[in-house]
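Protein sequences, first through last, are from chains A and B. Just so you know, the first sequence maps onto residues 1 to 174 in our numbering. Just so you know, the second sequence maps onto residues 1 to 430 in our numbering.
Heads up, some of the hints might be wrong.
Once the Cα atoms are required to be at most 20 Å apart in a straight line, the calculated EDC-like pairs of lysine to aspartate or glutamate come out as [as the list claims (entries may be wrong)]: (1) LYS406/B with ASP324/B; (2) LYS346/B with ASP67/A; (3) LYS406/B with ASP375/B; (4) LYS102/A with GLU158/A; (5) LYS346/B with GLU60/A; (6) LYS406/B with ASP395/B.
FYI, nobody ran anything at the bench for these hints, they're computed from the structure.
Residue strings, one per chain:
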Amino acid sequence: MALLSEKTRAEIQRLTAYFPQRRTALLPALRLAQAEYGYLPPEVVAEVCEIVQVDPNAAEMLITFYDLLYREPVGRYVLGLCRGLACYLLGCDHLLAYLQEKLGIGLNQTTPDGLFTLRTFECLARCDQAPVMLLNGEEYVGHLTPEKLDALLAQWAEEARRPAEPPVTGGEGA
Amino acid sequence: MKFEPIITRNVGVPDAWEIEVYLARGGYQAVRKALTEYTPDQIIEIVSRANLRGRGGAGFPTGRKWSLIPKNAPQTYLVCNADESEPGTFSNHDLLIWDPHLLIEGMIIGAYAIRATTGFIYLRGEFGLAARRLERALAQARAHGFLGPRILGTEYSLEIYLFRGAGAYICGEETALLESIEGNRPMPRPRPPYYPPAIGLYGKPTAVNNVETLCNVPFIVLNGPEWYLSIGNPPKNPGTKVFSISGLVRRPGNYEAPLGTTLGELIFEYAGGLHEGRRFKAVTPGGTSTPLLTDQHLDVKMDYDSLPAVGTYLGSTGMIVMDDTVCIPCAVHRMSTFYRHESCGKCTPCREGTAWIEQILRRIVTGRGRLADLDLLLDICDNMGGRKTVCALGDFATFPVVSALKYFRDEFEYHIRHNRCPTAGVAVSR
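Based on the sequences and whatever the hints tell you, model everything.
Spelled out as structure tokens, the structure:
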């Protein structure tokens, strides 16, 4: 029945007692659940809310607000190009077009093999390395060029072919 | 660099985030001094005399903010705002990655000053590396007795929680930030009654301070207010500021410089100037949420009081530099997409206004604009700005538009009349 692992459920349980007030654990719990399940369908949300002891509507209020919480499945690698002003001045629109062409998908779509999701972010606070992107909501990759993207995409596709550790995703920390 | 960094002195030092390195470089001496030599009120007095002002953007005096916390309150909170999201700003990001112990040390002193036994670091959700470094630093600080019960053998105890956001600019607004920690949809609270020093986190008196503000505190405690007042542009603008300079400059990066350093020095000396053959056109002095400055402002001092004299603000000192290849209407349209996306939707003028501004600017830059659009934009801005909304985002969204129309109205008119950019096109420097 449970969609989340015993480990994640126990960690969410721990968080509810860790913070000064129980409900503070809701957002960290949703991030943990997403880190394991990949996204937040209603059944997973219900499971989280049962442990945190809040109404599922409380979680909906967060999922529909925050950019890093996903309602729908995403690819193994979520490529989040920054579209802030500094990245714009350094050509992020060209990179976005390049990625769409290369991956054969539109914005906010996932490649049929489930590997890559393409999205954009507002200013990512790493303008000194513009144009920049955020991988899986966590890791920064800066000074992007088409050549660098080619190499990274090849590397990630290769990584996905090997049975290896899953990539870093959201949910670390509190 | 011409200025010896103070608060960014550990940025770039190998393993600066490890407590052994931090201690070897003089770390946690300020905590020892604060907790063993001073009372909480004396800390507030020292920080007040140093005239440290909030580095998040508003410039409110930190000592006064702390003095607003009731001294007899049974429960108070110190919250560090590390939700760095103002477009063009990336200075906290470096401090958090390189020097998490400096922030923790500043927080311990700040929490002691307001008699808080609980602190929160509200970290921008995207900052993965900073989250790992902070978690590690908090654990190291606990193991060394700088956090937890009876710090350094004194009566004072403190626990600090790391709380990660999940992608929302509005969480940098302090009351929305508190809503986020409380597990609610993060929309700003009306003030009155929700002034954080009176009704803050969990309804208790709360001080919310920016990362860079707190990172100044250990140095002020160690070296004294007179030392601090010898730096920058005293008496009202003492100390340094970490300026984030990006866009079309040769050396984008964070540069710590005395408050009062001129705009021209920052762009042309610190950041290495513009690319070959380019001319300076405009800059966002304090992130995109501050009115633009142009080539007539290169001698303006960058501090809290000199910038309002020329119609703008120091803000978060996120300086995105635009040269003469940049089409201002296109750049301003890009800024407007940010506010449209990040408006939380609570207040009608902001929710509707940010959407209309973006739509009208989009039709201008895609060749469907009308000359009447320019006054329409100003009219919409007039209906959003000037404290018509619960928080300042409504005002912020108007600043780039109104200032661009003030300095570059001809570019908008050109775009509308000729259906193309007044410059070579959308600037791409490579």
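Is the Cα-Cα distance between LYS406/B and ASP375/B 20 Å or less? holds (11 Å)
Verify the proposed pairing of LYS406/B with ASP324/B, using a straight-line Cα cut of 20 Å. Holds, because 17 Å separates the two Cα atoms, which is no more than 20 Å.
Straight-line Cα separation of LYS346/B and ASP67/A no greater than 20 Å? holds (17 Å)
Tell me if the straight-line CA distance from LYS346/B to GLU60/A falls inside 20 Å. Measuring from Cα to Cα gives roughly 17 Å; hence the hint holds.
For LYS406/B and ASP395/B, compute the direct alpha-carbon distance and say whether it is at most 20 Å. Roughly 16 Å between the alpha carbons, so the hint for LYS406/B and ASP395/B holds.
Quickly compare the C-alpha distance for LYS102/A and GLU158/A to 20 Å and report which way the hint goes. OK: LYS102/A and GLU158/A at ~16 Å, within 20 Å.
Comparing the model with each numbered hint stated earlier shows that all of them hold.
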